[in-house]
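What follows is the residue order along each chain.
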Amino acid sequence: MSETVKNFLYLNRRAPYGTIYAWESLEVVLIGAAFDQDVSLAFVDDGVYQLTKGQNTAEIGMKNFSPTYAALGDYEVKKIYVEQESLDERGLSLDDLQHLVWEDEDEDYAEKDSIKVVSRAEMAAIMDASDVVFSF
Amino acid sequence: MSTLHTVNKSPFEKTSLDACLNHLGSGANLLLIEDGIYAALKGTAVEERVKTALDSVKVYVLGPDLKARGFSEERVIEGISVVDYAGFVDLAAENDKVQAWL
Chain A
19 MSETVKNFLY
29 LNRRAPYGTI
39 YAWESLEVVL
49 IGAAFDQDVS
59 LAFVDDGVYQ
69 LTKGQNTAEI
79 GMKNFSPTYA
89 ALGDYEVKKI
99 YVEQESLDER
109 GLSLDDLQHL
119 VWEDEDEDYA
129 EKDSIKVVSR
139 AEMAAIMDAS
149 DVVFSF
Chain B
1216 MSTLHTVNKS
1226 PFEKTSLDAC
1236 LNHLGSGANL
1246 LLIEDGIYAA
1256 LKGTAVEERV
1266 KTALDSVKVY
1276 VLGPDLKARG
1286 FSEERVIEGI
1296 SVVDYAGFVD
1306 LAAENDKVQA
1316 WL
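Residue numbers (the working numbering), protein chains in the order written: chain A, 19 to 154; chain B, 1216 to 1317.
Read the hints as simulated data drawn from the structure, not as lab findings.
Keep in mind that the hints are not guaranteed to be accurate.
To be verified - No more than 30 Å apart at the CA atoms, straight line, and that leaves these computed lysine-lysine pairs for DSSO-like: (1) A/K134 - B/K1257; (2) B/K1312 - B/K1257; (3) B/K1266 - B/K1282; (4) B/K1282 - A/K96; (5) A/K97 - B/K1312; (6) A/K134 - B/K1312; (7) B/K1282 - B/K1312; (8) A/K134 - A/K24; (9) A/K81 - B/K1229; (10) A/K81 - B/K1282; (11) A/K130 - B/K1282; (12) A/K134 - B/K1229.
Unchecked claim - Beyond 10 Å from chain B on every Cβ pair, some chain A residues (computed): (13) K24; (14) Y35; (15) I38; (16) E77; (17) I78; (18) M80; (19) G109; (20) L110; (21) H117; (22) K130; (23) S137; (24) A143; (25) I144.
What the hints assert, rightly or not - Sample of chain A residues lacking proximity to chain B, with all beta carbon distances greater than 10 Å (derived): (26) K96; (27) E123; (28) D149; (29) V151.
A quick note: this is a predicted structure, and the numbers were derived from the prediction, not measured.
Note that CB positions come from ideal geometry on N, CA and C, so glycine has one too.
Please model the complete structure; the sequences and the hints are all you need to start from.
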């Protein structure tokens, strides 16, 4: 395996369930987690809807994959960026989203927040700084 | 002729909702399904546009799709009725035709 470590950004811009993009993106993140790269997730535009709390898919006959976001910390995915302006346009606040955490083994497995709400300008800078961007 | 219009895409992803609203005749009914349900929620950038439509047409939203995406009925704009799949069937049967906006 190569020693080069790259910054990977998974860019999510679509709502869950109406199309398969949100689920496919998560699957690629989980598969990619096996390759020890530096992974960040970005949720922009309708992508912010993927992280809402309380998803219950029983009546639409689809698998509820929202618990998978909560498991990301266990896969060492702890940089999850959510765009403020995208939340604002949709009348959402951080409180509407799942509380995603990761455990810092260097600090006695203390729970830390994985989600960072950033401005559109900050998001642009994050994209610019990434070596690779996967768009979904 | 009464038409049931359905919109299944998010108003932020596609212009389908806007196109539909621009073509509603009097007596039309609009049902928001799948990702289209996001237009039924309070506090969004399209809320006013949707509220204006309520002045002339009946607007419905599919409950199961709201719940799947994590939203309860309290988050729905006042005046929009929440229906389940049985209600969807009733609306389709009551109207002369169904026009889907994709």
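Original post:
Among all the numbered hints in the text so far, which are the ones the structure does not match?
Top reply: Of the numbered hints, 5, 6, 14, 16, 17, 18, 19, 20 do not hold.
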